[in-house]
Amino acid sequence: MELLQYTLRKLIGGIPLILGVTFISFILMVYYGPDQTFELLGKNATAEQIAEVRAELGYDRPFFVRYGEYLKELATLDFGLSNSTGEPVNAMLARTIPVSLELVTPGFILGNLLGVLLALVAAYHRGRWIDKAIMGFAVVGMSISFLIVIIAFQILLSSSYGLNLFPVRGWNVHSLYSYVMYVTVPTLASVFVALGYNTRFYRAVLVEEMTRDHVRTARAFGISPAKLLYKHILKNSAIPIITRVMFSIPLVVVSGSLLMESYFGIPGVGKVTFDAITSGDQPVLKAVVGLPAVLFVVTLLVTDLLYRVVDPRVSLM
Amino acid sequence: MSAALSDHRESIWGKAFYKFRHDRMGMLGLAVVLLYFIAALGVWLGVWGTGWADVDGPKWAPMSGEYWFGTNIIGEDIFQRSIYSTKTAFEIGLVVAVLSTILGALLGALAGFFSGRWIDAIVLWLMGVLDSIPFYLFVAAVAFALQGNPWAMHVAMVSTFWTTTGRLVRGEVIKLRNFEFVEAARAIGVPQFTIVFRHIIPNTFHILLVQATIVFVAAIKSEVILSFLGLGVQDGVSWGLMISESTLEVLAGFFNNFIAASALLFVLVMAFNMFSDSLQDALDPKKVAAS
Numbered sequence: 001m002e003l004l005q006y007t008l009r010k011l012i013g014g015i016p017l018i019l020g021v022t023f024i025s026f027i028l029m030v031y032y033g034p035d036q037t038f039e040l041l042g043k044n045a046t047a048e049q050i051a052e053v054r055a056e057l058g059y060d061r062p063f064f065v066r067y068g069e070y071l072k073e074l075a076t077l078d079f080g081l082s083n084s085t086g087e088p089v090n091a092m093l094a095r096t097i098p099v100s101l102e103l104v105t106p107g108f109i110l111g112n113l114l115g116v117l118l119a120l121v122a123a124y125h126r127g128r129w130i131d132k133a134i135m136g137f138a139v140v141g142m143s144i145s146f147l148i149v150i151i152a153f154q155i156l157l158s159s160s161y162g163l164n165l166f167p168v169r170g171w172n173v174h175s176l177y178s179y180v181m182y183v184t185v186p187t188l189a190s191v192f193v194a195l196g197y198n199t200r201f202y203r204a205v206l207v208e209e210m211t212r213d214h215v216r217t218a219r220a221f222g223i224s225p226a227k228l229l230y231k232h233i234l235k236n237s238a239i240p241i242i243t244r245v246m247f248s249i250p251l252v253v254v255s256g257s258l259l260m261e262s263y264f265g266i267p268g269v270g271k272v273t274f275d276a277i278t279s280g281d282q283p284v285l286k287a288v289v290g291l292p293a294v295l296f297v298v299t300l301l302v303t304d305l306l307y308r309v310v311d312p313r314v315s316l317m
Numbered sequence: 001m002s003a004a005l006s007d008h009r010e011s012i013w014g015k016a017f018y019k020f021r022h023d024r025m026g027m028l029g030l031a032v033v034l035l036y037f038i039a040a041l042g043v044w045l046g047v048w049g050t051g052w053a054d055v056d057g058p059k060w061a062p063m064s065g066e067y068w069f070g071t072n073i074i075g076e077d078i079f080q081r082s083i084y085s086t087k088t089a090f091e092i093g094l095v096v097a098v099l100s101t102i103l104g105a106l107l108g109a110l111a112g113f114f115s116g117r118w119i120d121a122i123v124l125w126l127m128g129v130l131d132s133i134p135f136y137l138f139v140a141a142v143a144f145a146l147q148g149n150p151w152a153m154h155v156a157m158v159s160t161f162w163t164t165t166g167r168l169v170r171g172e173v174i175k176l177r178n179f180e181f182v183e184a185a186r187a188i189g190v191p192q193f194t195i196v197f198r199h200i201i202p203n204t205f206h207i208l209l210v211q212a213t214i215v216f217v218a219a220i221k222s223e224v225i226l227s228f229l230g231l232g233v234q235d236g237v238s239w240g241l242m243i244s245e246s247t248l249e250v251l252a253g254f255f256n257n258f259i260a261a262s263a264l265l266f267v268l269v270m271a272f273n274m275f276s277d278s279l280q281d282a283l284d285p286k287k288v289a290a291s
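Sequences listed follow chains P and B, in order. Residues in the first sequence are numbered consecutively from 1, following the numbering used here. Residues in the second sequence are numbered consecutively from 1, following the numbering used here.
Just to be clear, a hint being listed does not mean it is correct.
To list a few chain B residues with every Cβ distance to chain P over 12 Å, as calculated [stated by the list, open to error]:
id	residue
1	Ser11
2	Leu30
3	Gly42
4	Leu45
5	Val47
6	Glu91
7	Ile102
8	Phe114
9	Trp125
10	Lys175
11	Val182
12	Gly240
13	Ile243
14	Ser244
15	Leu265
16	Met270
Derived pair list, reagent style DSS-like, types lysine-lysine, alpha-carbon separation capped at 30 Å [claimed, not checked]:
id	chain 1	residue 1	chain 2	residue 2
17	P	Lys132	P	Lys227
18	B	Lys15	P	Lys132
19	B	Lys59	P	Lys10
20	B	Lys175	B	Lys19
21	P	Lys132	P	Lys231
22	P	Lys10	P	Lys132
23	P	Lys235	P	Lys10
24	P	Lys132	B	Lys175
25	P	Lys271	P	Lys231
A few chain B residues that don't get close to chain P, going by computed Cβ distances all over 10 Å [stated by the list, open to error]:
id	residue
26	Lys15
27	Ala184
28	Gly253
For the record, the hints were derived by calculation from the structure and aren't laboratory data. Ideal Cβ positions, reconstructed from N, Cα and C, are used throughout, including at glycine.
Between the sequences and the hints, there should be enough to build the whole structure, so can you do that?
Structural data, given as structure tokens:
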């Protein structure tokens with residue numbers, strides 16, 4: 001009961017955020033976005049035809065009426081049909097979101113797991129050469145552009161100038177084997193890019209925890225390094241780690257996959273979004289901008305609940 | 001008082017400067033950044049890199065005395081283009097770093113000073129909203145709202161990159177606000193806005209300097225991806241445009257464009273990261289006090 005109250009209060013508290021995101025996005029993408037009137041009309045359209053199309057697209061109605069309709073669509077999750085393809089928006093999302101998730105999930109998990117592992121090694125050997133080597137590689141990783149990494153991996157792994165093991169681009173997945181073939185190069189690239197930032201962040205968190213008195217006491221009691229690292233350090237660092245992982249989820253799902261999808265020509269939700277912005281496909285835009293905002297608020301809530309799970313000292317107030 | 005002022009090593013800046021001078025990685029980073037800056041300045045003054053748009057060579061010429069890095073698909077000199085791009089990178093980095101730092105300092109300081117009041121609530125709300133709009137979508141939307149204006153990329157970066165600086169400054173100001181010097185200023189009747197601008201913001205400069213270097217790096221890295229997506233540099237040339245040009249060339253086995261632009265970008269970003277790290281170490285008040 002207490003949990004339910006807390007959940008409801010958090011969700012209501014997220015409403016201003018959703019309103020803000022949808023309002024700014026609405027102004028930028030829908031109100032000032034590309035005008036589709038003349039793309040839908042043939043040559044030599046009459047004034048009546050123009051007015052008719054504009055009415056159909058909703059361009060002639062006042063700003064706040066259109067914004068209000070948008071909020072209603074968001075609340076009922078019914079965004080209508082895409083202007084460009086005539087496909088229902090919900091069907092488009094149902095087709096493309098799984099592709100994006102399949103694309104980014106392995107890289108996201110590996111990038112964070114390896115980041116924590118390397119950070120543990122570096123923090124445990126703080127100040128020694130192994131720490132310096134890992135942190136040196138982290139700075140190098142942070143300094144290489146994502147695009148360069150993608151191109152370099154493509155040359156090395158999927159072109160005739162390198163090992164030529166994987167398909168160059170595309171997404172023709174129908175079995176586990178083909179999934180592995182198509183997902184490997186993007187995954188390696190995103191792990192490489194994420195690792196530098198993640199390792200540095202996690203190392204800072206772990207070092208902070210390692211210098212605490214309770215760790216010194218545990219050491220003095222002769223506890224084994226594995227137990228010390230897991231039980232005393234990693235568990236106590238769980239909150240900043242969870243925060244980072246959770247908050248990168250909404251951004252990875254949308255922004256992170258956009259670059260890989262447009263580079264490798266993968267039909268995911270990032271590509272759909274980008275095309276919708278450049279063509280001014282309003283129904284699609286409304287969905288892909290509004291839904292991440294909702295996802296963000298839900299993430300905030302789930303993160304708070306996770307804090308409670310990993311740390312009993314946190315109270316839900 | 002005057003004795004303390006004359007001995008610079010007593011102040012946080014004097015100590016930080018002393019510490020930074022003895023940090024070899026940081027000094028190396030700074031030296032490389034300055035070298036790039038001279039290259040950019042030369043382009044800006046028209047000393048070199050003037051022939052970046054001349055189409056006078058053969059297609060995909062190899063490296064030679066005439067074309068140091070070879071030529072691209074339409075016969076432009078890749079060396080000239082990569083040198084000219086240094087100027088583009090500094091233009092983007094400096095504009096975005098300076099403007100977003102100013103914006104972050106102002107809004108962060110106001111929110112911190114008036115924390116708990118409506119002005120703080122609005123700034124916090126704005127930060128939350130801007131942070132939860134996916135960055136590339138935001139840039140794309142700004143680019144179209146501004147109808148292909150070449151500054152759309154800068155506007156979008158400034159309006160999203162200030163939030164981190166703003167949050168850090170807000171936190172610091174909440175701490176500073178309760179110090180005696182602020183109380184003293186208030187007691188003698190200094191107006192609130194003067195307190196914020198004259199007494200509080202100058203005390204956050206160490207945060208602003210480090211944040212500015214971080215934003216600089218973020219801006220030139222984002223430029224590469226935005227230019228590839230067609231949302232970045234509109235006129236002129238940049239490393240991002242060169243790399244996106246090269247995406248078709250590398251599959252045909254011509255790597256000069258890709259290697260030249262990537263290597264120059266990597267070395268600059270790496271040097272800036274090293275500089276930024278040392279600056280952070282030198283300016284960390286806890287570490288300065290301990291040494």
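Reported absence of isoleucine 243 of chain B from the contact zone with chain P (all CB gaps over 12 Å):
violated (6 Å)
Compare the distance between the alpha carbons of lysine 15 of chain B and lysine 132 of chain P with 30 Å, and conclude whether the hinted pair is satisfied.
Holds - the C-alpha atoms of lysine 132 of chain P and lysine 15 of chain B are around 25 Å apart, at most 30 Å.
Tell me if the straight-line CA distance from lysine 132 of chain P to lysine 231 of chain P falls inside 30 Å.
Given pair lysine 132 of chain P, lysine 231 of chain P holds - Cα atoms ~25 Å apart, limit 30 Å.
Any Cβ of chain P at or closer than 12 Å to phenylalanine 114 of chain B, or is the non-interface label fine?
holds (18 Å)
According to the definition I'm using, a residue is off the interface if its beta carbon is farther than 12 Å from all beta carbons of the partner; does serine 11 of chain B meet that for chain P?
holds (27 Å)
Checking a non-interface call: every C-beta of chain P should be farther than 12 Å from the C-beta of valine 47 of chain B. Is that right?
holds (28 Å)
Would the pair lysine 235 of chain P and lysine 10 of chain P pass a check requiring their Cα atoms to be no farther apart than 30 Å?
holds (26 Å)
Mind verifying the non-interface call on valine 182 of chain B? Its CB should be farther than 12 Å from each CB in chain P.
The claim stands: valine 182 of chain B keeps its Cβ more than 12 Å from every Cβ of chain P (closest is about 29 Å).
Over 12 Å from every CB of chain P: does glutamate 91 of chain B meet that, or does the non-interface label fail?
holds (18 Å)
Could you let me know if the closest chain P CB is still more than 12 Å away from the CB of methionine 270 of chain B?
violated (4 Å)
Given as non-interface: serine 244 of chain B, which should sit over 12 Å from chain P by C-beta
violated (8 Å)
Nearest-CB test (12 Å) between chain P and leucine 265 of chain B
Its Cβ does come within 12 Å of chain P, the nearest being 6 Å, so this is violated.
Hint check: violations occur at hints 9, 12, 13, 14, 15, 16, 19, 22, 24, 25, 28; the rest are consistent with the structure.
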